[in-house]
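Could you slot chain B onto chain A? The hints should help.
Protein chains: 2
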Amino acid sequence: MARPTPLSGFPELLPAERIAEQHVLDHLRATFELHGFASVETRAVEPMEQLLRKGEIDKEVYVLRRLQAEDSEGDARLGLHFDLTVPFARYVLEKAGHLDFPFRRYQIQKVWRGERPQEGRFREFTQADIDVVARDVLPFHFDVEIASVMAEALAGLPLPPVRLQLSNRKLLEGFYRGLGAEDPTAVMRVMDKLDKLDETGIRTLLAECGLDEQQAGLCLALAEVVTEDTAFVDRVRALGVTDPMLDEGLADLAEVVGSLTDLGLDGVTVTADLRIARGLDYYTGTVFETMLEGYESLGSICSGGRYEALASDGRNVFPGVGISLGVTRMVVPLVARGALTASRSVPSVVLVAVSDEASRPRSNAIARALRGRGIACEVAPSAAKFGKQIRHADRRGIPYVWFPAAADPTGDAGDEVKDIRSGEQVVADAATWTPPTADLRPQVVTKETAQ
Amino acid sequence: MARPTPLSGFPELLPAERIAEQHVLDHLRATFELHGFASVETRAVEPMEQLLRKGEIDKEVYVLRRLQAEDSEGDARLGLHFDLTVPFARYVLEKAGHLDFPFRRYQIQKVWRGERPQEGRFREFTQADIDVVARDVLPFHFDVEIASVMAEALAGLPLPPVRLQLSNRKLLEGFYRGLGAEDPTAVMRVMDKLDKLDETGIRTLLAECGLDEQQAGLCLALAEVVTEDTAFVDRVRALGVTDPMLDEGLADLAEVVGSLTDLGLDGVTVTADLRIARGLDYYTGTVFETMLEGYESLGSICSGGRYEALASDGRNVFPGVGISLGVTRMVVPLVARGALTASRSVPSVVLVAVSDEASRPRSNAIARALRGRGIACEVAPSAAKFGKQIRHADRRGIPYVWFPAAADPTGDAGDEVKDIRSGEQVVADAATWTPPTADLRPQVVTKETAQ
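Keeping their order, the protein sequence lines are chains A and B.
So the first sequence is numbered by UniProt numbering: it starts at 1 and just counts up by one.
So the second sequence is numbered by UniProt numbering: it starts at 1 and just counts up by one.
Chain A extracted, bound-state conformation (with noise of 0.2 Å):
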């Protein structure tokens, strides 16, 4: 057949980009479990009236089709799942029964939307999602620990840093509702449309709203409130509004810009950004969107917030509080901008040479001693010129190849093993030889790129 060709909004990556995927992952993984949360993997299709409760997100939805379905047939029409979000709360939901709460889990996933593609926009894509759900009660130091959590995970991660943004939905609302706003919400969904409108056209909406002119001017006073500690709670209060939900919320953004600024994460600035509402409707107190610095283009990578009711049945309520990172929208583009890659195309260490093809089980066995002590390797696949078995490693950025001692009636050749880099080679015995740790696994390798 003829060579195939991508197909758009599907990244694939090649070896050494997709070690540089998995050490990202690894990091996700082992930072969520340091923190206890739990490993839930739901599958990839519900039922498209699950997926369409939400919707504006209806144009996006991949349905799928058995080819030889027949219409006797009655099978539930199924679509293949948008976020990590809707499934969680239908999994709660089904197993509610066998879960204990409050129930931390984390899933990272692949998810799908039929968009059109364009940098940082996939069609299929791979997020990770932390959430604790709890039955009828969440204490509100849960949205303490979610953004620490992401934060610490982004603080370890081989990327530009991060600016982690956090608003609260309350302080918000009160706001606008102590200034005499109607409908709080209404002035809400108008504030989230800054980064499209310029201010005439947001006063316009907001006048729309029954806001006048100066009630309007404090919205805007409002998301002009950026600051990178809790120095946000005075520049509220200087503004001269008073509500009660309006204080609930400045006490609770405090306590959360507070409490992340105190664990002092490198790579991880903090800030207090009024300007942000997050439209959707269902978050209730806090939210947080994250910017990649140099990639602010690619929007924010990592959202999520509090909400009242991740889901009912009815009889109990599932309030959570969750974030979600994007982490092929944040991989792809580095990785296609020479930003991110690893050392290594492969995860041996070592290339075991072959003299002969009739000495392959003594190569062999040296590579079984060494992986028997954690050393990844794998042997030449054939006894070509060891010339040729060196390039064999170098073009795969194997740095060790080994040589096993020549076929010696006296017994006292040993073996060498090669530096392939420096070209040092040392006489070595496969029961005791390490290499350093730097190169016991592949490397990720980041670089500085100009936006």
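Bear in mind the hints are in silico, worked out from the structure with no lab data behind them.
Accuracy of the hints is not assured; some may be wrong.
Claimed, not checked - Coverage of chain B stretches by chain A, computed from C-beta distances (three or more under 8 Å per stretch; other residues unrestricted):
1) 16 to 26
2) 89 to 102
Stated by the list, open to error - According to the in silico footprint, chain A covers these stretches of chain B (three or more CB under 8 Å from chain A):
3) 29 to 36
4) 107 to 121
5) 338 to 347
6) 381 to 395
In this text the structure is predicted, and so the values were computed from the model without any measurement.
A virtual CB, placed ideally from N, CA and C, is assigned to each residue, including glycine.
Coordinates of chain B only, in the frame set by chain A:
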């Protein structure tokens, strides 16, 4: 919404069961990487014409359609992949210019088939594949290696013993040719039906292939050759058929069986089993199947073989040898029968208790100190009575509860940690305390169950 119900054929695990599955997946990955296999992930979708190249499987494919797609868009028709071989062949052709051959890859991903669900047959399931693919020529020793790596991977899993059954298409084809069959491939297809037909049925079909009674008897005698070592060679020779391709097949199979037997892997019985032909036309040499002892009704959980043309772009041909392990097919029935689970439902080793909400930051600091030394933990969700906090740990299988020192003006009260299984409680310091290694991660729990 009402409580949702599971979808038949789309298994989902509870957290402790998922930990057992992760253990299996981690072990597979670690083994494959020790042997130098690089990870590849391909997109979940392929163009339909790619998926339908093997006609027999077409009724099982799930076709995708975007909910709002318009006819005029002319999207390529896409379907979900039903195995990892077809996508890998496409990946190799597409990326050939960026890959180094022979190329060793492992691939662990979900696949989808619209089959009628039954035990061991799912509509969504995870496969773990390893393949080595070369450009033009792939030396035979890779057949030995692929079988060895998978056998080693299986030996380390928390599974019932497995029986790795090997055969060779050259051996079978050469034998049928040597006894005078005009169409050895047709004979092989008949003999592949041995599981479904009785001897009379097989003899009828062999007669239709032009074989007389004596020739048919030889075919049936060959299929009865099953040995746990290389004794099969003499037993085949004793049937008196000769052919150069038969010789080659005997030598190849003897080498694979002999090498695997030499590895002496616990829990893996290696057999030459000349009943096995594997119907798929593209195998050309070594073929593998694997039965889980006590679970033979599941069929082969791990199959593969040598194919001279995994892919071809008209100029180059890419021969390969590979094997595919049905992870879900193996894990889900074991989980369903209670034969496989984990010692706890969360990664946490320790629950850090909270004396009162005001001292939560102190409990958080203890947790941070433990995590800094790789000890997974979580902090109690509320400052309930300690008895309730202990029950919180117990329900999840968390073995230790950590009690922060009481607020003590003299400063001489220390933290204490309690093993809630034994009741033993000792003074401990979060900067130095370490749990026994066996407690550090959830343990996989296996139990023998009646079939």
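A quick look at each hint next to the structure:
1. 16 to 26: Answer holds; 3 residues pass the 8 Å Cβ test.
2. 89 to 102: holds (count 10)
3. 29 to 36: n = 4 at 8 Å, threshold three: holds.
4. 107 to 121: holds (count 3)
5. 338 to 347: With 3 residues in contact (Cβ-Cβ under 8 Å with chain A), the coverage given for the region 338 to 347 of chain B holds.
6. 381 to 395: It holds: at least three residues are needed, and the region 381 to 395 of chain B offers 4 whose Cβ sits within less than 8 Å of chain A.
Checked against the numbered hints above, the structure violates none of them.
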